[in-house]
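Colleague: We have chain A; now place chains B and C onto it with these hints.
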Amino acid sequence: MGESTFLEMNDILKQFPGVVANDHVNLRVQRGEIHGLLGENGAGKSTLMKILYGLYTQDAGEIYLDGSRLTLESPQDAIDAGIGMVHQHFQLIPRLTVAENVVLGEREPATMFRPEAASESRLPDALLSNSLVQSIAKQFSLGLDVPKRRIQELADQYGFDIDAGAKIWELDVGQQQRVEILKALYRDVDLLILDEPTAVLTPTEAEQLFESLDRLTDEGLSIIFITHKLDEVEAIVDRVTILREGENVGTETVSEVTQADLAEMMVGREVLFQLEKDGIEFGEPVLQLNDISADNDRGIEALSGIDLTVREGEVVGIAGVSGNGQKELAEVAAGIREPTGGEIVVGGTDLTGAKPKRFVDNAVSFVPEDRLRYGCAEDLSVMHNAMMKEFDGSRFGDAVGLDYDELAAYAELLVEEFDVRGAGDVTATDAGDLSGGNLQKLILAREINRDPALLIANQPTRGVDVGAIEFIRETLLEQRKDGTGIVLLSEDLDEITDLSDRILVIYEGEFVYETTPDRADRDRIGLEMTGGQATGEPGKTGAEPEQTPVVTGQNGEHR
Amino acid sequence: MAGFVAGLLDATVAAATVFIFAGLGELISERAGVLNLGVEGMMLGGALGGFIVTVVTGSVWLGLGAGVVVGMLFALLHAFLCITLKSNQVISGVMLTLLGTGLTTFYGSNWVEKDIDGFSEVTIPVIGDALVEIPVLGEALFHSMPTDYIAITLVPVVWYFLNHSNIGLELISVGEDPEMADTMGVSVFKIRYLAVIIGGGLAGAAGAHLSLAFVGNWTNGMTAGRGWIAVALVIFAQWKASRMLVGAYLFGMLNALEVRSQGLSVSVDPGTPLAGIINPVAEFLMNAQIMSTYPYLATIIVLSYAVIRTRSDRLAVPSALLQSYSRETD
Amino acid sequence: MNVEVDLTAREDTPRWLTYAVPVCTILAALGVGAIVLLVIEINPLEAYSIMFVDTLTSEIGQTDTLIRAVPLILAGLAVYLPLKAGLFNIGAEGQLVFGALAGAWVGLNVSLPGYALVALMFLAAAVAGGVLAAIPAWLRAKWDINEIITSLLLTFVALEILSYMVRGPMQGGSGNFPQTERFSDAATIPTLFTRVHAGILVAVLMVALTYVIMSKTRLGFEITFIGSNDEAAVQAGMSKYKVYLFVFILSGAFAGMGGISEVAGVQGRLRAGFEPGYGFTAIPIALLGRNSAIKVMLAALFFALLFVGGTNMEVFLGIPAALVEVIQALIILFLIAGEFFKSYRVTVDIDRSPAPAPAETPKGDA
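Residue numbers (this note's numbering), protein chains in the order written: chain A, 1 to 559; chain B, 1001 to 1330; chain C, 2001 to 2366.
These aren't lab readings, by the way, just hints derived from the structure by calculation. C-beta: ideal position from N, C-alpha, C; glycine also. Accuracy of the hints is not assured; some may be wrong.
[Said to hold, decoys possible] Below, in silico cross-link-like pairs of lysine-lysine (DSS-like), each with a Cα-Cα straight-line distance of 30 Å or less:
1) C/Lys2216 / C/Lys2240
2) C/Lys2242 / A/Lys327
3) C/Lys2216 / C/Lys2142
4) A/Lys357 / C/Lys2240
5) C/Lys2142 / A/Lys355
6) A/Lys357 / C/Lys2142
[Unchecked claim] Simulated DEER-style distance windows between Cβ atoms:
7) B/Thr1310 / A/Gly220: 41 to 49 Å
8) C/Pro2044 / A/Gly401: 43 to 51 Å
9) A/Gln15 / C/Asp2144: 34 to 42 Å
10) A/Thr57 / C/Thr2057: 54 to 62 Å
Next comes chain A alone, as it looks inside the complex (with noise of 0.2 Å):
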């Protein structure tokens, strides 16, 4: 192949139950390259770079680095070998330093048990020297001195802005990747993984994170840049290999291909669902955001000023790149993250400050996007999850007791209405076991069978099977015509085009376009997701890539 092929990964296999995560991937990385990974959800990238780093072992085929061939059996393997990653959830302590996050697992001994420092210590040379000495050194001391010099040298060497000997809990979230990054520098890798470093980063921030990965490789560091956002393709990586269902679709330079080739590479079909959308009229505002403005988990500001009315038998379309506030624009619509300012009402009622019980009882249902974390109980059973909204009020019983075979009952009505798959005997089956798409439809129905008269969907296809998904979408469309207003969350710009009434783009945790389906620019709708031109935003420095919508249309793995 290329004289300077450096990374070899040839016929990679690898199975989980019920799927083939990679099936067999090859994969060619050039020396000094920034090599793209490009996929969508579940294509089989992480695994593949899992399988790399150590994490996992593959099935069958095998990986050569520099014309040696590797067994990777555990990161530390992998580190030996010179192979490096930074994950998209750090593996930091917060409680402690850089440095000794850095430092972590190497046993730098305290200075002056160096040998290399052998002139300043004031150990006799046959005491340095002494293996067993070494050994115990490394073990109960710790010396920083040293490290944290050749920290501050590899940091400034790759302009990265950061103080050795500050706590991880003091750097905001682009410091601490720079940490990430300077821990596998540390132990002169020769290859980098990165793994969607975007994703937990302003655009600026990103941008910096660009020139930092150009003076690597300028350096003669090899990268492979895992992400599914053709913008930061186009804008960063030199070569890109598409994964699609597990299996390599080619490696293209993308200085040759345009970005709707490789968005259909990535998504490989024509987009199929054709959905019918009869024209009706709304009716009454179902909900009212009036300049709401939230905070994230971490007490940053997510949304800003956003203002929102959505009518009966309307469906609001909401894009956007996760991140930008569709987490907390969701939460605060259902009533389950209290926003820092503005008003809140639903159906007529000032819901601001309520308690989630009451966006319940004011007919509001809610599909979350982390349908294990706040969807479910998974250790209950099918007919737990199917009541989990109506365990107060009239249905079921009376104002204290429950009448459980009622209840089983409704389960298996609903199992029946929306085609779950594998509930077999309501009673007894955890709603864990059901496959991703089947789980997802049983909270639809649980959901939607409230009738409901504000629905709120975040990423409601996401991670299901294609019949699911068709399922779902229609679903959806015969709500809207029963009056229901809905807000649809969604990263599948065709999901939003086909099903919506009215589109918003969110960025930022603000409102920076609206538009219909039939006056749609797909492009400008990428471009403002992506905080394109149109917004004037400052800090962009060289040629603007051509904005286009990230297409993800089917999505694989995922529960």
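Modeller: Chains B and C alone, transformed into the frame defined by chain A:
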């Protein structure tokens, strides 16, 4: 008055030693992420084991060693259950205490009447004699059991070990984020095992000190809840070795005051205003049993204050405490 | 030769294993106990026969077992209920003692006709236990402060308060011993048959109450759901606050009633050393019976049998009763070890082939 203070200090130092040993052991274990509620049982085991060996061999030092070994054996069981079998740490610990209490009562009844030559008070070599002459403090601080001295020197040793050695760094990381530590090549299992076993050994030492030095004989259940106080102590000290010493002396002083409170009474002249309220209240607060509750109440208050006032990512609790770890590969 | 022990997480626990594990662990614990007995030269079969068979078949044995079971059942419920909500009540012992204290105070200082006094004592005990339990519950519900630590520490506080009261304000008799007066007849729980006192009625009633709540009411549904996934539950509108407080306070009441039933039904007065340990024994009982209040009751009966049988062993064979504590703790240790086997499948691989040849670098172009 001076005599009272001196006596109080002496008793404080003696009482604190038990807490220091057991507390340091618990600290090491918890910083590695494993809660050990079996301290009380391990202490009893160490007390009885040490006592028996001393009676049989005549050597207090062998007895002390035996106490440590007994503690370690118990801890090995706890470690196996919690780390390898990933059982619930709370239940395993409480059950070990039950086991320890039961076993020591079962076997210990034969040894209750026995007598030994326990540890005797000594002074530090060379400078000791001069130091003892210091008024008030001298006797109390510098004329103590060897185990008292060991305990005090252990504190800075443990502090150094935790905060300035690589093993300590790895131990802390295991208690904060075992997954991350594992990825960095740290052996999570090994470190947790070591931490728990050392913790048990120290608890055993605490017990041995109790039967060989502090009291000088064996009675069933002689630990009288000190093991639980040690657990509370670690929380009170917010998992910092430096604060353990202060806490141990505080709790130790409370312990010593309890015993002495009989002869002590605080009262104001009946003529002063509010005397009718102040006196009974003071008497209540100085009551021996009521005073015994102070360490526990103080710990609850400190814990509550810490949790309420601190941002969740800055809490002193080791983040992975109570979590079993398994490398979920494949 | 390579021996590899592989652990694979089970997806589903086979039904037979769920029953086999408790049985096997009990057998294993008895097995270890047998070894201990052999060491002190007692025939284990003889010992166990006295412990179990004789106790169950004699009237005295049955009576004693029922009497012993009362506080165990109540304390077991006190740990079981919070467990369903995902909480650990390690402070049942303290709540039990506190309840005994309050009930005793009422019994000694209030006079009412007929059975009203006893009823009031139970009420006082329930309230006192509930109040003590409310503290860790509130701290957890409001600020997420770990209830294991708080409930445990409060246990010791309660014990000391008992000690104080019994040496001071509540000291009775000639004033020489740290104990209260004997309870008057009015303050003693009436017996139902043989020596079994009415406390057993209370215990069974509470079991029934708990069972009904958990399996037939909306509140029980909420408790179950919050115990399984509190985040989803909150999203659905359930109140963690309400549930946490409810389960802990009711549990404290149960434990308190367990305490007074022991003191006013069996002991006749409150002593300084009243620290029966039922609160801690309740933990394994709740574990054994974790799925239903009825199972908790059965587990409690089993443990009561163990205790009474142990005493019999002591009387007839001279074995210290502490052995029972040892066996009991062993049961638990084996029980939690057994939990492991429910969740993981262990396979042992013995590979007799020689180690594979070292990897070779490929020739030609890479």
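Colleague: Take the hints in turn and mark each one as holding or not.
Modeller: Against the structure, the hints:
no., hint, verdict
1, C/Lys2216 / C/Lys2240, "20 Å, holds"
2, C/Lys2242 / A/Lys327, "27 Å, holds"
3, C/Lys2216 / C/Lys2142, "28 Å, holds"
4, A/Lys357 / C/Lys2240, "12 Å, holds"
5, C/Lys2142 / A/Lys355, "15 Å, holds"
6, A/Lys357 / C/Lys2142, "18 Å, holds"
7, B/Thr1310 / A/Gly220: 41 to 49 Å, "44 Å, holds"
8, C/Pro2044 / A/Gly401: 43 to 51 Å, "50 Å, holds"
9, A/Gln15 / C/Asp2144: 34 to 42 Å, "41 Å, holds"
10, A/Thr57 / C/Thr2057: 54 to 62 Å, "60 Å, holds"
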